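Hey, can you work out the whole structure from these sequences and the hints?
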Amino acid sequence: MDAFNNLGLGFSVAFEPMNLLFVFVGVVIGTAIGVLPGLGPTATIALLLPITYTMDATSAVIMLAGIYYGSMYGGTITSVLLRIPGEAASVVTTFDGYQMTKQGRAGPALGISAIGSFIGGTVAIIGLTFLAPLLAQVAVAVGPASYVAIMVLGLFLVTSLGTGSTMKSLCMAAIGLLLSTVGQDPITGTARFTFGIPSLLGGFDFVAIAMGLFGVGQLLHSLERTEKAQAITTKIKNIWPSRKDFRDSSGAIARGSLLGFVIGVLPGGGGVISSLASYALEKRRAKDPSRFGKGAIEGVAGPETANNASSTSAFIPLLILGIPSNVVLAMLYGALLLQGITPGPSLIEDRPDIFWGVIASMYIGNVMLVILNIPLIGIFIQMLRVRTGILATFALMVVMVGVYSINNNPFDMWVVLIFGVFGWIMIKTGFDPGPLVLAFILGPILERSFRQSMLISDGSFGIFVTDPISATIFGALAVSLTYSFISRRRRVKAAQTLSRVSVDAK
Amino acid sequence: MSEDTLEAVQVAEPAPFATAGRYQGRFRLVPVVLLATGFAAVIGSWRLGLGELTNPGPGLWPLVVSIAVSIAAAILTVIPDIEAYEKWTRRTTLLVGGVLSLVVFILLFTALGFVVPAFLLLLLWLRVFGEESWRLALTLAGGGTAVFYVGFAVLLGVPFPDDIVAGTITRLIGM
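As they're listed, the protein sequences go chains A and B.
Residue numbering for the first sequence follows numbering that gives the first Met the number 0, starting at 0 and increasing by one per position.
Residue numbering for the second sequence follows numbering that gives the first Met the number 0, starting at 0 and increasing by one per position.
Don't read these hints as lab results, they were simulated from the structure.
Nothing here was measured: the structure is a model prediction, and the numbers come from that model.
Just so you know, even glycine gets a beta-carbon here, dropped at the ideal spot from N, CA and C.
All the pointers check out, no bait thrown in.
Residues from chain A shown here face chain B by an in silico Cβ test under 10 Å; the list is partial:
{"#": "1", "residue": "Ile174"}
{"#": "2", "residue": "Asp184"}
{"#": "3", "residue": "Thr189"}
{"#": "4", "residue": "Gly388"}
{"#": "5", "residue": "Leu395"}
{"#": "6", "residue": "Val397"}
{"#": "7", "residue": "Ser404"}
{"#": "8", "residue": "Ile426"}
{"#": "9", "residue": "Ser456"}
{"#": "10", "residue": "Gly458"}
Structural data, given as structure tokens:
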């Protein structure tokens, strides 16, 4: 079978000693930053971009992917032990995970999360292995109008389902698109918004923006909080769940794997949405929903499984369509561009070594993560003692030296510092830098697809209605926007009536 | 911890400014700046030349995008979203000093090379923002500078500007 030949090629790449080392480095860093305060996967990948620049393309992507799915495992640890979610997708895990810790069941909570994550991750990689070649054949036929629709949908979902305010996120996405227009026009070559500065002709550097907004901005912000290191007093025992625990959570893990996989493939999917959806599903299916929030093991197993499955299947739109569906994957997309590789439908044909090597490395990475997260979990818990001040200071030095080393030019240090201050102000005023960076990456692809659509359709917007994919997406968007507008108005009206009633009652 | 998480945690807490009506202007500051940027970009795009829909000029796409920026910023100016705003604390003022120290670092870096400014920056940050003891701060700053210098300049071969300390040491050994 073809898939097995492909996987064979993939494993021959992934088992090269250097690549094995980088999978390992990636998943260890991923688990560690999931535990450490102040650094998330996005910031970490931003910090490491200049270093990956010097690496072989396959190794670089293998390592960065490892950081991404590794952080999904690591983020669980602090959610369960301290009720501090290590990354956004683990917020749901705090509901029942921390309750289990209070009942002295921290061990099984962490154990079932690691096992669920492994199963969810592996199911998604198997899905990726068999579906990717089929989808790539379909993807070649996807026209520019559909691309426009998919990207618009992705941006809408990221802005509306994110944690911040929707309007602020939309505003940031628009600013990201605007920043991406700086530089030469891709067709006519005219300089746009360069203000006569020659080094802006090539546009803003993605690395500088990402390192500034996520790296420096996030570090400045984390230094502002005077949190002291948390002492772990919980003893972790019986990390291997009992037979009853397995019986209770097997259904949740199976459902979480499927649900996570499907949600991850959608634009804007991956992470938070899938874990929330899985929690809601388990609670609805439970015979006794009141157990949820009081230490139900299914409430930990399902969401943890789903978030790992979705963060893996989110690689499908990235590797096959060339559209990153969330901010972390946008960073990976940037890393690939730095290496001179444009992800898209032809990647699987042009660079099978990268495509299958990365997929095969995920099988290996997940096995490593189970070992790191079950027998070796004690080591990572010790990392909670590292103080934010020390970590942030050294990370800052990595940013400064790292950005200098890209072009050996102090000018880049200034750019990073300026974007860092912007990033800090954005966090302080509640503007999420995530949509900005995602839109900055999508901007050039979106503009190209838009202009191609206009050329094909002879300047008519009708193409977005006649193209079936785009018609479906824009139709669904219009319906959901109308629906949310109406339901919001209804809620406002209801609230007004309610306050009038209460005023009258006085 | 990722930025999303921090925000999610803050949303869960009651917004500290929700009741402070007289500070409303504060929340409009960023949207107004963004709105001005949007308007400037609309004019800039117009000047670039829009072309035709069948044959778009360089300004057409930027115009679409800058209109989007203006609309979103205008909505935020009229109805400011005050939820996730954070308080300006004493530590915030301290951090402005931190940013200035980075400015000094970059200036010194171009003039004196890596070793001296790196040591000073690490020391300052560990002592002031990390609130570590002098002893630990000095040790970590000294060790950290050495590790960074060896890692980047020696192992990775990054050409730092001429270094007064490392340069002197190399000359002394060379003599």
